[in-house]
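Colleague: Sequence:
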Amino acid sequence: MNRRRNVPPAPPVFQLLSDREDLRQQFAYIGLAGGPSRAARSAVDQLAVTIRDLDMEFTSNELESAFKFYSIHKSASEGPCNRYGNIFAFDRTAVSVSVGTTPESDADTGKGLYLNANIVADGKGSWWAASQAPTPHTFNTYFHAILSRSATRRHDALFPSAEAASEGGSTRPKVAMIVQLTGWFDGKVAKADNYLPKLGKPAIFHPPHGISSSPIELALIDAQPDPQMTRSTLRLSSDGGESMTLHHFLFHAWPDHGVPTTNEDIKALKQLLNTTSELQREEQCEIYVNCSAGIGRTGTFIALWSLLKPPMFVDPAFRMKPRSALKPLPSWASGDEVAETVDTLREQRGMMCQTQSQIEFIYWMTGLKPARP
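Numbering-wise, the sequence shown is residues 1 to 373 according to UniProt numbering.
Hints listed in this document are in silico derivations from the structure and should not be mistaken for laboratory results.
Some hints could be false.
[What the hints assert, rightly or not] Okay, the calculated beta carbon distance ranges per label pair:
| # | residue 1 | residue 2 | range |
| --- | --- | --- | --- |
| 1 | P225 | S37 | 54 to 60 Å |
| 2 | D239 | T262 | 42 to 48 Å |
| 3 | S212 | K267 | 43 to 49 Å |
| 4 | Y84 | S37 | 24 to 30 Å |
| 5 | G79 | K327 | 43 to 49 Å |
| 6 | H257 | K369 | 44 to 50 Å |
| 7 | P328 | E242 | 39 to 45 Å |
| 8 | S243 | V189 | 31 to 37 Å |
| 9 | A40 | S357 | 51 to 57 Å |
| 10 | L196 | Y84 | 19 to 25 Å |
| 11 | I211 | V189 | 36 to 42 Å |
| 12 | S212 | S37 | 36 to 42 Å |
| 13 | G187 | K327 | 39 to 45 Å |
| 14 | Q15 | S60 | 24 to 30 Å |
Model, not experiment: these values are computed from the prediction.
A virtual CB, placed ideally from N, CA and C, is assigned to each residue, including glycine.
Construct the complete structure from the given sequences, taking the supplied hints into account.
Modeller: This is the structure we're talking about:
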């Protein structure tokens, strides 16, 4: 097996990014507990230590805003819809979908049916829907979200000035894309639930109990397997008559919590980035990216796309820098493109680019050097 050598280490930047992510998660969980007055004293003390170590200062109003900014209340309350009990979607950027009796505007405000998925924008003209691998409980909601372009509506609600640009297309795209960066199993451990149908045998996904919405049909048109990746073309439709073409890319060569290591796997990953970015530019379609939890491999893939590929949209309206409740990166790291990209993605979905090896892999793939103080 040919392994990568001389991967440039990034301890200072990794520690900085790790501390900032710890702070976001502390805000999220203290907010979930009801704020500092109700949270465990140890959690509040640790928050103070993290803020001090990062040399940040917050007013009482800024602290209160941060607890709300990184809220995971909705996500944490949706137990059956979450694949993991400790991976939650920030409420602020969560993708939601209107089906049945749910008001259409709910998908814009984030109050519709829940998915463990977030809108993730890089502030340079590109955005994605980053998702956990959907569970059987959410198959119907997941595909309704894709069919109704709920991610686009949520993006436009988060970035109001982009609304005019997004409405510039006179016709609604009839194409969507899913990039899946995990196999169905890792050894004997299930990492994703298989929803792909056999040729000639469409899959029907019914709504969850108590939800009045139409079943979703997913039919396989074509599949092109190879050792690293299987590309499938499918037809997604609902009883209401709406349908679209769905391009599904299942990348087999990326281990959980790790990175591709062989020359063949890395070459295949580069090809996946090329193929999906070219298809997105042609179709101007939504892209859902998932691994198992939707944070490590998903965040790394999105960061590589952001750093290696042209922006999806050239209109300045799509280049709004996502907001943050934290202070900016310190001056020594502010010019580090990898650090800035990872930190920006984490503002919208927690723990993106989960491990140090994944962040180091981004530096290696892009040829960029980590900043040092």
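Colleague: Which numbered conditions among the earlier hints are violated in the structure presented, ordered from lowest to highest?
Modeller: 5, 6, 9 and 11
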